[in-house]
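Trainee: Chain by chain, the residues:
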Amino acid sequence: MTAVESPPGVVGTSVKRKEDAALLRGRTRWVDNLTLPGMAYMAVVRSPYPHARIKSIDFDAARKAEGFVAAFTGADLADEWAGGLPCAWPVTEDIKMPPHFPLAVGEARYQGDPVAVVVAESRALAKDAAELVEVEYEPLPSIFDVEKALDDEAPLVHSDLGTNECYMWKLDAGEAQAAIDAADVVVTQRYYQPRLIPNAMEPRGVLAQVGPTGDVTLWSATQTPHIQRFVMQLVFGIPESKIRVIAPDVGGGFGSKIQVYAEGPLAIALARRLGRPVKWTEERAENYVGTIHGRDVVHELTFAAMRDGKITAVKSEAWCAMGAYLELVTPGIPILGAWLYSGPYEIPNYSVTFTGVFTHTTPTDAYRGAGRPEATYVIERTIDALARKLDMDPLELRRRNFVSEFPHTMASGLTIDSGDYHASLDRLLELLDLDAIRADQAERRSNGDVKQIGVGFSTYNEMCGLAPSRILGAIRYAVGGWDSATIRFQPLGSVQVVVGTSPHGQSHETTFAQVVADELGVSVDDVEVLHGDTAVSQLGMDTYGSRSLTVGGIALFNAGQKIIDKARRIVAHQLEVSEDDLDFESGTFSVKGSPDRNMTIQDAAFAAHAAHNLPDGMEPGLEETATYDPANFSWPGGAHAAVVEVDTETGDTRLVRYVAVDDVGSPINPQIIDGQVHGGVTQGVAAALYEEGAYDDEANLLTTTMATYLIPSAAELPSYETDRTETRADNPLGVKGVGETGTIAAAPAVINAVVDALSHLGVTDVGMPATPERVWRAIEEVRS
Amino acid sequence: MRRVALTVNGVRHEVEIEPRELLVFVLRERLGLTGTVVGCDTSSCGSCTVLVNGESVKSCTMLGVQADGVEITTIEGLAQNGQLHAVQQAFHDHHALQCGYCTPGMVLAAVSLIESGAATDEAAIREGLEGNLCRCTGYHNIVRAVSAAVGVAS
Numbered sequence: 001m002t003a004v005e006s007p008p009g010v011v012g013t014s015v016k017r018k019e020d021a022a023l024l025r026g027r028t029r030w031v032d033n034l035t036l037p038g039m040a041y042m043a044v045v046r047s048p049y050p051h052a053r054i055k056s057i058d059f060d061a062a063r064k065a066e067g068f069v070a071a072f073t074g075a076d077l078a079d080e081w082a083g084g085l086p087c088a089w090p091v092t093e094d095i096k097m098p099p100h101f102p103l104a105v106g107e108a109r110y111q112g113d114p115v116a117v118v119v120a121e122s123r124a125l126a127k128d129a130a131e132l133v134e135v136e137y138e139p140l141p142s143i144f145d146v147e148k149a150l151d152d153e154a155p156l157v158h159s160d161l162g163t164n165e166c167y168m169w170k171l172d173a174g175e176a177q178a179a180i181d182a183a184d185v186v187v188t189q190r191y192y193q194p195r196l197i198p199n200a201m202e203p204r205g206v207l208a209q210v211g212p213t214g215d216v217t218l219w220s221a222t223q224t225p226h227i228q229r230f231v232m233q234l235v236f237g238i239p240e241s242k243i244r245v246i247a248p249d250v251g252g253g254f255g256s257k258i259q260v261y262a263e264g265p266l267a268i269a270l271a272r273r274l275g276r277p278v279k280w281t282e283e284r285a286e287n288y289v290g291t292i293h294g295r296d297v298v299h300e301l302t303f304a305a306m307r308d309g310k311i312t313a314v315k316s317e318a319w320c321a322m323g324a325y326l327e328l329v330t331p332g333i334p335i336l337g338a339w340l341y342s343g344p345y346e347i348p349n350y351s352v353t354f355t356g357v358f359t360h361t362t363p364t365d366a367y368r369g370a371g372r373p374e375a376t377y378v379i380e381r382t383i384d385a386l387a388r389k390l391d392m393d394p395l396e397l398r399r400r401n402f403v404s405e406f407p408h409t410m411a412s413g414l415t416i417d418s419g420d421y422h423a424s425l426d427r428l429l430e431l432l433d434l435d436a437i438r439a440d441q442a443e444r445r446s447n448g449d450v451k452q453i454g455v456g457f458s459t460y461n462e463m464c465g466l467a468p469s470r471i472l473g474a475i476r477y478a479v480g481g482w483d484s485a486t487i488r489f490q491p492l493g494s495v496q497v498v499v500g501t502s503p504h505g506q507s508h509e510t511t512f513a514q515v516v517a518d519e520l521g522v523s524v525d526d527v528e529v530l531h532g533d534t535a536v537s538q539l540g541m542d543t544y545g546s547r548s549l550t551v552g553g554i555a556l557f558n559a560g561q562k563i564i565d566k567a568r569r570i571v572a573h574q575l576e577v578s579e580d581d582l583d584f585e586s587g588t589f590s591v592k593g594s595p596d597r598n599m600t601i602q603d604a605a606f607a608a609h610a611a612h613n614l615p616d617g618m619e620p621g622l623e624e625t626a627t628y629d630p631a632n633f634s635w636p637g638g639a640h641a642a643v644v645e646v647d648t649e650t651g652d653t654r655l656v657r658y659v660a661v662d663d664v665g666s667p668i669n670p671q672i673i674d675g676q677v678h679g680g681v682t683q684g685v686a687a688a689l690y691e692e693g694a695y696d697d698e699a700n701l702l703t704t705t706m707a708t709y710l711i712p713s714a715a716e717l718p719s720y721e722t723d724r725t726e727t728r729a730d731n732p733l734g735v736k737g738v739g740e741t742g743t744i745a746a747a748p749a750v751i752n753a754v755v756d757a758l759s760h761l762g763v764t765d766v767g768m769p770a771t772p773e774r775v776w777r778a779i780e781e782v783r784s
Numbered sequence: 001m002r003r004v005a006l007t008v009n010g011v012r013h014e015v016e017i018e019p020r021e022l023l024v025f026v027l028r029e030r031l032g033l034t035g036t037v038v039g040c041d042t043s044s045c046g047s048c049t050v051l052v053n054g055e056s057v058k059s060c061t062m063l064g065v066q067a068d069g070v071e072i073t074t075i076e077g078l079a080q081n082g083q084l085h086a087v088q089q090a091f092h093d094h095h096a097l098q099c100g101y102c103t104p105g106m107v108l109a110a111v112s113l114i115e116s117g118a119a120t121d122e123a124a125i126r127e128g129l130e131g132n133l134c135r136c137t138g139y140h141n142i143v144r145a146v147s148a149a150v151g152v153a154s
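Residue numbers (this note's numbering), protein chains in the order written: chain H, 1 to 784; chain E, 1 to 154.
It is possible that some hints are incorrect.
Said to hold, decoys possible - Once the Cα atoms are required to be at most 20 Å apart in a straight line, the calculated EDC-like pairs of lysine to aspartate or glutamate come out as:
{"no.": "1", "chain 1": "H", "residue 1": "127", "chain 2": "E", "residue 2": "29"}
{"no.": "2", "chain 1": "H", "residue 1": "127", "chain 2": "E", "residue 2": "21"}
{"no.": "3", "chain 1": "H", "residue 1": "96", "chain 2": "H", "residue 2": "147"}
{"no.": "4", "chain 1": "H", "residue 1": "127", "chain 2": "E", "residue 2": "41"}
{"no.": "5", "chain 1": "H", "residue 1": "127", "chain 2": "E", "residue 2": "18"}
{"no.": "6", "chain 1": "H", "residue 1": "18", "chain 2": "E", "residue 2": "76"}
{"no.": "7", "chain 1": "H", "residue 1": "18", "chain 2": "E", "residue 2": "93"}
Hints in this document: simulated from the structure, not taken from any laboratory.
Just chain H, with the same shape it has in the complex (with noise of 0.2 Å):
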């Protein structure tokens, strides 16, 4: 590369967005779209009750149903299985992880377990069939708190197990008891951060079809394809070589897609078994149930700190509800937040202990943010509660506080490559004008108003792009944490790329085609995503905790390097000049000192393919793949701050604005990053303000559908206010992770905001989601 300042290019630019010609005009290919000849559909039989016994199957009425085509129950399908629905990441040692077949067989241990299956010709009559399937159950007792679930009189989930804990796990590094002895301050608060049902728009789906060598193709609603295929070979014993899975358009995900459902492999088994293809879409009542659910913590979280405001320890105990089985990765999601415990503060004595225990719900595995939102929230409320003891501008004790020299290895020994925490703030008090907050808040007080404000902020940090393989392998996750990326010339210049990472919204056609475009210096237009089927991308690992860009983009951005270096050759060869004397700039080379002395990268890719004139030994044909394992995580953070209004006679609590500003490193795509912020925040704010999946004590599911379940509408929030600060990141593109920013950032700036609001009250803290009726009783708790 020259020195000479490079042209405009696309990178950092809001190019409008490839994905959305077919999306805008309804030509998608989402799974429940797709039909093939003969194909057969399949609905799932499962309890309606927390946990039971299974005391009989009776098909004999849904055999007489217009349409049925066969049924089958768990010990039907028994010998199908090679091996159980794997847990991919059995996080300590002596982990209890007990075996899950995709259907249950004897006992089922929550509402929405799967017990059989009906197959018949049409989606409709499938469903007929399947409410003529005659279930004995016997209810046995149930739990759903995961601190009651560990008593010893608790209903066990497992009984052989003889426990309801799943693990514990624990990190300690320094004296952090004896900081806390030491301590002029301490605050311990206690924290429920409730279920959440992920709510893709799309539900699950699966199409399976059996070809003629007794390969298996499999069409399926996931951020996973790889994983899938991966999971089948264990799951069937059928090499992967013979096994490809296409996610086709995914219609969201935010976690809830990565899992192997028991529904992929029950279609394959069915489509083997009836020689037919097999599909299964999921109902939205079916969703919530059946697919997995976030969060569901209890935390206890204390920090010490000395009167000036230094904070010189953290100690997390947390109880994290596994839910009825171990999803592929259900574990490890609460670890996911176990380095971040100390935000994005400098504290040097640490402590976090996690115990996963088994209820009889639904399984939690990752959904947005996974584990990081959970330790954020009890982070940034404590520090507000630290605040207040000290009688301190909460914003002053974070700063106090906040690492401020990069790279900065942390007390719990990961190592933050860049930031600066300062900036953020600073540029959100810019944009936010608190001495107007305060001023109206002042008055409003003062005039006794019925409605009040409140303005909250949350300072975090967080670790993604996941994620170096070898901490992985340290951390006792299964497999690798690299990504792969293919980039073809064709003969007459087009460039198709194929990655393998998998979208579902997250504008991958459009973010690496500019990412390529600038790099190879060729149009936006001429770029060609292919991902999302293991036919094409064979090698990935797929995409969740915000890793596309900064592991898939850098697989990307090497194999792009790696294509500069071959047509390098080739030019200098028919040029017959040196290599070291070709510039390379805008798609061009050209020769240093006599530019009309020229060829472009795309003749170098028809020079290529035609192999007239190659240099000896050179293999035709213009395409490389780069795979990349990144040496650290990814750390995105920022400061965020909600403004409330809150009606003290009724408990409804308004979010009236938020601003958001983060450093996720370099921009490729405006416009994008500030999509995935929008719809980031919306999340947690969602948390904060409307969703709970509330259970019952016996673990019956009280929000069982979008009338119950509050996903908040545009109605109920305001437009947003978005900035960014910049460091680079310590990759080639300088890029960080952006997809769950929002999400972890904005629970706690709403509920600070809220306790805000309430605090000339006496009011100190409000539970998730701050409803009405919360928010109603935390004040008349500190009226009476």
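Use these hints to put chain E onto chain H, whose structure you have.
Mentor: Using the frame of chain H, we list chain E on its own:
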């Protein structure tokens, strides 16, 4: 089975359907118009919104037999002569879609809202789209897109 005649995107169809079939499944499964999608089973999400005689209707709230004689516009029929409708164009320009699953319903709800004259300001647009859920965008860019389209489309 009942015979129903309906016009979808300007094309007349006669279909034999079961009395219990919801309009959304008639569109998807009988006519192959899979641009209209199903996101829930409680008429909460609006993903299946279409225009029935020009007004937005959640097509899961209507039986196919009730559609006898009506004119329906689905997302596949909104662009004319290869040109995106102003609302579709605004969604593209303002990045008002991510995964795209709610988009057909959201776009058609917005078209109907604008044509009704009720999209007078941001608050009215937000209220008017209350019946359509999006899990990706936080609605911020949807509201911007609809605001931008009001001037062009009304």
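Trainee: Hint by hint, where does the structure go against what was stated? Just the numbers, ascending.
Mentor: Checked against the structure, no hint fails, so every one of them is satisfied.
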